[in-house]
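Q: Quick note, the sequences are listed as chains A and B, same order.
Each residue of the first sequence is one higher than the one before, counting from 1 in this note's numbering.
Each residue of the second sequence is one higher than the one before, counting from 1 in this note's numbering.
Just so you know, the hints here were simulated from the structure itself, not pulled from any lab data.
It is possible that part of the hints are untrue.
Just a few of them, taken from the derived set where beta-carbon distance is under 7 Å, the chain A residues facing chain B [claimed, not checked]:
{"hint": "1", "residue": "Leu25"}
{"hint": "2", "residue": "Ser61"}
{"hint": "3", "residue": "Ala105"}
{"hint": "4", "residue": "Val116"}
{"hint": "5", "residue": "Asn170"}
{"hint": "6", "residue": "Leu171"}
{"hint": "7", "residue": "Leu187"}
Think of the CB as a built atom: it goes at the ideal place given N, C-alpha and C, for glycine as much as any other residue.
2 protein chains.
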Amino acid sequence: MTLETLPRHKGGADELARLLARALLAGHWQPGDIFPKEMDIGTHFDVSRNQVRNALARLTSAGLLDRTAGRGTQVREMSDWHLLDPLMSEWMTGLTDLDPQLTRAIYAFRFSAEPVVAGLAAEAADAADIARLEAAFEGMQKTAQSAAARAQHAEYDVMFHDATYQASHNLVWRQMGHLLRPSIMALVHGSQHRTDTFDDSLSRHRRVLEAIVRRDAEAASFAAREVLRRTAIDLGIVN
Amino acid sequence: MTLETLPRHKGGADELARLLARALLAGHWQPGDIFPKEMDIGTHFDVSRNQVRNALARLTSAGLLDRTAGRGTQVREMSDWHLLDPLMSEWMTGLTDLDPQLTRAIYAFRFSAEPVVAGLAAEAADAADIARLEAAFEGMQKTAQSAAARAQHAEYDVMFHDATYQASHNLVWRQMGHLLRPSIMALVHGSQHRTDTFDDSLSRHRRVLEAIVRRDAEAASFAAREVLRRTAIDLGIVN
DNA sequence: ATGCTAGTAAATGTCTGACATTTATACAAG
DNA sequence: CTTGTATAAATGTCAGACATTTACTAGCAT
Chain A
1 MTLETLPRHK GGADELARLL ARALLAGHWQ PGDIFPKEMD IGTHFDVSRN QVRNALARLT
61 SAGLLDRTAG RGTQVREMSD WHLLDPLMSE WMTGLTDLDP QLTRAIYAFR FSAEPVVAGL
121 AAEAADAADI ARLEAAFEGM QKTAQSAAAR AQHAEYDVMF HDATYQASHN LVWRQMGHLL
181 RPSIMALVHG SQHRTDTFDD SLSRHRRVLE AIVRRDAEAA SFAAREVLRR TAIDLGIVN
Chain B
1 MTLETLPRHK GGADELARLL ARALLAGHWQ PGDIFPKEMD IGTHFDVSRN QVRNALARLT
61 SAGLLDRTAG RGTQVREMSD WHLLDPLMSE WMTGLTDLDP QLTRAIYAFR FSAEPVVAGL
121 AAEAADAADI ARLEAAFEGM QKTAQSAAAR AQHAEYDVMF HDATYQASHN LVWRQMGHLL
181 RPSIMALVHG SQHRTDTFDD SLSRHRRVLE AIVRRDAEAA SFAAREVLRR TAIDLGIVN
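Please model the entire structure based on the sequences and the hints provided.
A: Below, the structure is given as structure tokens:
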């Protein structure tokens, strides 16, 4: 893979890092491949070597690349990628051609983890958490009917699940809320959007909310699993 | 807080980053505090501005610091720290005066997550995973008797739990294995080391191993929770 | 032929100094 | 009291030279 297919960018090192990261996440380079050298990147994008080094430093700290003096820059195995780095989530969001293996892995994680998180949320949620959950749910309701509000609906969806992670009141679980946006966004494209699907999804979300409000951990856990089950089946994670 | 209490270091930017990170993780600066400026750090440790910038860039990408031109460098809230960054785990290991709030949060996470992970491991473990688990368990057995092998025993302990995460065969769960070392190491100091405690712990680990070997997800999940319960009670996470 | 040993080229890592940009502060004018 | 401007101080960026690590090559000796 060469650089030539990548578009020039406008902004600074952030933008450059994002551009390169997204190419990597889409699978344009294979693990073990040699990544282009600093100078080539610099001349292609017409930026200083410093910018390139800053950008590559970010990709390296996200586990995407391995750089060693003399050898060059190498693409690391997907299992070494720091999927939980917030920067990664930022890079993944809106990427329509995200590696399917990744989409599946992240969703499988959510399918196993979110029931636990919902249970914790039911035990630990305070008034502010519940207000956030309710606001997100109402947003989902308002945007469920029109096809034009699809993007907004997804945002409220993200907000609802993120509020659940926040409500767990655990520093580690809270970090994982970052994974939600790319995971939910990646599925918006591939799924059908019949109205009854939305209605069904809404009522399942409602059950999670109600269980958390009444502090019923077991019910929240069960309901959270039901929210994710249909898509889990579609992805072949569970049968 | 000033720099003056920190020892000079030997190595390069890695070492410097580690030094500063550990001071932050121990709570030497409060969230919102202004961190020393590049030049001061450089003169104190007698390194170039480049090294300082590289080190600070790592702390920034770990969510520990927030840097903006003109204002300076500020310490971020603990809730913004990227606890799941592998670098963070590296910095935390062996830190005897880790912030107790962090120790508790990480253990609470494990207490809720590891039952799920063990369940997944029971479903997905292959021969190599089971070999790793058995090797780790045997190591724990061998080092359980002598007080001199305490450090080795902790290493095998880490290996056992990490092997469980690996056996889940999920890219996201696998990343979280990094948290195990600091979590387990932080507890080695505070806990009593009576022999019957070790025996008890060993038999609980054995039940996890056996459940995974016979592919019994529910039993593995239950057993994993039993492994963690005693410490969870000691830390006040559950009663 | 095989294996060892320079030697060389090419890549990333580091240092230095100058300059750019952003932010907070002080001070003066309205 | 508010607004605007000048100044200082901090991080951000650039450019060039040099250092270090690594892989490859050629040549020599066994």
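Q: Each hint: holds or not?
A: These are the hints, each one checked on the structure:
no.	hint	verdict
1	Leu25	13 Å, violated
2	Ser61	5 Å, holds
3	Ala105	4 Å, holds
4	Val116	5 Å, holds
5	Asn170	6 Å, holds
6	Leu171	4 Å, holds
7	Leu187	16 Å, violated
Checked against the numbered hints above, the structure breaks hints 1 and 7 and satisfies the rest.
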